[in-house]
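A.B. asks: Model the placement of chain S on the given structure of chain U, informed by the hints.
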Amino acid sequence: MNRLQKTAAVAFLVTFVAVVAVGGVVSAVTGGDGNTAELPEVENPQYDADRVSPDTSPGTANIQMDSSATGETIVVSVGGGVSERDIEPLVNTLIEAGAEVNVVSKGSPGPAIGPIGPGPQPPRARPPAPQPSGGEEESTLSEELPEADAFMSIGVSSYRDEDIDAITEFIESDGRTLVAVNPQQEFAPDSGYAELYSELGAYTESGYVYNLAENDLNYQRIFAEPAGSSMLTEGVDRVVFDTATPVRAASSDERMEPIDGSVLSTTRAETDLPVLVRDGDVALVGDTGFLTPENTQRADNDVFVGNVADFLVGGDRTSGGPDDGATGRTEQTNDTAEDVVTVEVAPDGENVFAPRVTEIEPGTTVRFEWKSGGHNLVPERQQPEDHPWSGVEEIKDEGFVHEYTFEEESAHRFVSEPYQDEGMVGVIVVGNPEPP
Amino acid sequence: MSSQNTPGPSTGTTGSDQTVILVIAVFAAVIAGIFVVAALSGAGITGSDSSADGTVAVVSIEGPIVQPIGDQLESELSEIRANDSIDAVVLEMNTPGGAPAPTERMYLSIQRTSEQMPLHASVQGLSASAGYYMMMPAEKIYVLPTSQVGSVGLAASEPRPAPPVEGPSGPNKRGSNVINDLATQETLANVFIETVVEQRGDRIELSREEISTAKVFLGVNSVENGFADEIGSLDDAVADAADEAGLDDYRTVEREVSPAGGLPIFARTDHGLVAIYDENPSLADVKPFDTAMVYEPAIPHISELDAVSASDVPERTTTDTESGGDQP
Numbered sequence: 001m002n003r004l005q006k007t008a009a010v011a012f013l014v015t016f017v018a019v020v021a022v023g024g025v026v027s028a029v030t031g032g033d034g035n036t037a038e039l040p041e042v043e044n045p046q047y048d049a050d051r052v053s054p055d056t057s058p059g060t061a062n063i064q065m066d067s068s069a070t071g072e073t074i075v076v077s078v079g080g081g082v083s084e085r086d087i088e089p090l091v092n093t094l095i096e097a098g099a100e101v102n103v104v105s106k107g108s109p110g111p112a113i114g115p116i117g118p119g120p121q122p123p124r125a126r127p128p129a130p131q132p133s134g135g136e137e138e139s140t141l142s143e144e145l146p147e148a149d150a151f152m153s154i155g156v157s158s159y160r161d162e163d164i165d166a167i168t169e170f171i172e173s174d175g176r177t178l179v180a181v182n183p184q185q186e187f188a189p190d191s192g193y194a195e196l197y198s199e200l201g202a203y204t205e206s207g208y209v210y211n212l213a214e215n216d217l218n219y220q221r222i223f224a225e226p227a228g229s230s231m232l233t234e235g236v237d238r239v240v241f242d243t244a245t246p247v248r249a250a251s252s253d254e255r256m257e258p259i260d261g262s263v264l265s266t267t268r269a270e271t272d273l274p275v276l277v278r279d280g281d282v283a284l285v286g287d288t289g290f291l292t293p294e295n296t297q298r299a300d301n302d303v304f305v306g307n308v309a310d311f312l313v314g315g316d317r318t319s320g321g322p323d324d325g326a327t328g329r330t331e332q333t334n335d336t337a338e339d340v341v342t343v344e345v346a347p348d349g350e351n352v353f354a355p356r357v358t359e360i361e362p363g364t365t366v367r368f369e370w371k372s373g374g375h376n377l378v379p380e381r382q383q384p385e386d387h388p389w390s391g392v393e394e395i396k397d398e399g400f401v402h403e404y405t406f407e408e409e410s411a412h413r414f415v416s417e418p419y420q421d422e423g424m425v426g427v428i429v430v431g432n433p434e435p436p
Numbered sequence: 437m438s439s440q441n442t443p444g445p446s447t448g449t450t451g452s453d454q455t456v457i458l459v460i461a462v463f464a465a466v467i468a469g470i471f472v473v474a475a476l477s478g479a480g481i482t483g484s485d486s487s488a489d490g491t492v493a494v495v496s497i498e499g500p501i502v503q504p505i506g507d508q509l510e511s512e513l514s515e516i517r518a519n520d521s522i523d524a525v526v527l528e529m530n531t532p533g534g535a536p537a538p539t540e541r542m543y544l545s546i547q548r549t550s551e552q553m554p555l556h557a558s559v560q561g562l563s564a565s566a567g568y569y570m571m572m573p574a575e576k577i578y579v580l581p582t583s584q585v586g587s588v589g590l591a592a593s594e595p596r597p598a599p600p601v602e603g604p605s606g607p608n609k610r611g612s613n614v615i616n617d618l619a620t621q622e623t624l625a626n627v628f629i630e631t632v633v634e635q636r637g638d639r640i641e642l643s644r645e646e647i648s649t650a651k652v653f654l655g656v657n658s659v660e661n662g663f664a665d666e667i668g669s670l671d672d673a674v675a676d677a678a679d680e681a682g683l684d685d686y687r688t689v690e691r692e693v694s695p696a697g698g699l700p701i702f703a704r705t706d707h708g709l710v711a712i713y714d715e716n717p718s719l720a721d722v723k724p725f726d727t728a729m730v731y732e733p734a735i736p737h738i739s740e741l742d743a744v745s746a747s748d749v750p751e752r753t754t755t756d757t758e759s760g761g762d763q764p
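Going line by line, the protein sequences match chains U and S.
Residue 69 in the numbering used here sits at position 69 of the first sequence, with consecutive numbering throughout.
Adding 436 to a residue's 1-based position in the second sequence gives its number in the numbering used here.
The following block holds chain U by itself, in its conformation from the complex:
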């Protein structure tokens, strides 16, 4: 490279650098690239803790039992998704009262995906090792239940036939039974629950209940209030259920219903379907999380769990203790037969009777409650045909109540005449009437 080229190259470089430097400074000063401009003012009044933060103050968990449980044996059957920690508050209460509690693990873990979505699975205390399936061994429940005074099932995803038989026998001998399921339950294949529900006389509806307006820290954590007589709900104002499925019973003494504004996920319509029903000695709850250590601090869950414990030990099983195994079945006694059962007329504005079919024992009073107006109640066909019940011929408004006590064995098919064509038909069967 000769001198001329060097000179030219140096001149180019020097000038280039100078131009870039000066130009850059000028450009920055004139604001082409800088952040010297003042920030425009913005207002975000919603960023206010009072406005967005829910109340987290924990309540008290003061679980108390009224009754003594000395000598009582409670069998608790837990599903794979439920740890012993989850049921600890109830189990501890029962033990403290002197009961013997046998926790047996049943079934495979429930589906991992809940309505919220996949969640992280931190290490959890596992329930006792699940029994190997397909073995020749006896079902644990068929060993445990004959000697038990009360049975509680919580979050079990499926029952085998032997288990169902054992539970059936237990229920038929008036053993106190509480079954807790959650909305995921319905997604379990081949669960055996239909059989169990027909034994309980209670069943679940698909979907879960939520409330976006008033809830306990999450829309699925709903509040429910007592309805009907109070045994499980004595002293209870509100209970928090996390992720609850609606439950129904052919007849029920006691219910817990979600507060106003609660919505059923499947219909996205407001619902007052209960999330707990109790019919005599059996109860079905649509939630498995109401009794965890955390949740017993919320609302009146502690009182409710205490009542559950009292319910479990308060039974009067006709064949408690070791069974001679001769019959296995005990005669059903009438001392716990229902005195009053309720039939709802057009609940939720739907033109149906709920339940559609009601089976009762003679001497039971049926209470017809008009949940919507514009209906009457007319027996269409009765057996015997000259049965004195005549229903309510006049069209009545919401809130009307008609009660009738069916003293003898009979069968009744009744309609609401304005909606007869839509199939608004109900049936009451009293005892075992003779076929027509």
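Among these hints, one or two may not hold up.
[Claimed, not checked] Below, a sample of chain S positions facing chain U; criterion: calculated Cβ distance under 7 Å: (1) Ile457; (2) Leu618; (3) Thr631.
[Said to hold, decoys possible] No farther apart than 20 Å at their CA atoms in a straight line, the calculated lysine to aspartate or glutamate pairs in the EDC-like style are these: (4) S:Lys576 / U:Glu214; (5) U:Lys396 / U:Asp339; (6) U:Lys396 / U:Glu380; (7) S:Lys651 / U:Glu214; (8) S:Lys651 / S:Glu634; (9) S:Lys651 / U:Glu270; (10) U:Lys6 / S:Asp453.
[Stated by the list, open to error] Computed Cβ-Cβ distance ranges for the label pairs, DEER-style: (11) S:Glu575 / U:Asp48: 20 to 30 Å; (12) S:Ser511 / U:Asn44: 17 to 27 Å; (13) S:Asn608 / U:Asp190: 41 to 51 Å; (14) U:Asn44 / S:Asn661: 52 to 62 Å.
Note that these hints are calculated values from the structure, not bench results.
Note that CB positions come from ideal geometry on N, CA and C, so glycine has one too.
C.D. replies: The following block gives chain S in isolation, referenced to the frame of chain U:
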């Protein structure tokens, strides 16, 4: 480039030749320098239209909202605010949402920009959850008839109790309390919902409860219920923004804030959401999200990503086997 213009090397150059060459070199350097400065200052010489009254900047926000996009948008918009030649902004939105923190940075900088100049948002396929959150300060939200907007809320996993960990100095250092976690999630969701009420409460015809169902609305429905304002394409939004800025003639400049190459990738796993920062990620490149403002159905499951990337795996395996088989 200037040296190419100089005459070829010769031995007997005169003094006047030297001067001419120097002048040419200096002149070339000045031109080159000015060009570089202009390019660096971002004035956008390219595509200039001398007859235009001003410029509408189209800022494209694409893909999952995870850092560094919050950084990039905030500095991009502060530059736009400081740039006198830009008169209006249109956000070209196409995102399923993302993490709360970058979203709020973007929301605030969009809000500031909207205070200073006309700013519209134009939704392409989807601007849900965090995407919806950040674009709310826009004067108008344009949607295509089947764009999806909404999903107001938080995608979170259910807090579960965990056994105690020995070591930390306090109980909340690791792990927490289920009730506190629930409250935190509820607060995060409420911040979003209340922002919707604050920003668009006068236009949205749904109650707070209806908003908080986190429903996603199609464009045609969203202009009906007030989640969006107009049906129209990006061009409609740009023309409207120019009009608002009083420009008869305008040019547009495009600004990209999404990271080149499409990374990071968002994916669902059985344990929650993750952002993946590398094509062949190590553990350090995968970041889990406990709480995210995303429209989950728009996020692919990790197994779907596997299926896509798996196409080249069998090839390698086959090659390996074959080469192995060839050698006895």
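A.B. asks: Which constraints among the numbered hints does this structure fail? Numbers only, ascending.
C.D. replies: The structure breaks hints 4, 5 and 14; every other hint is satisfied.
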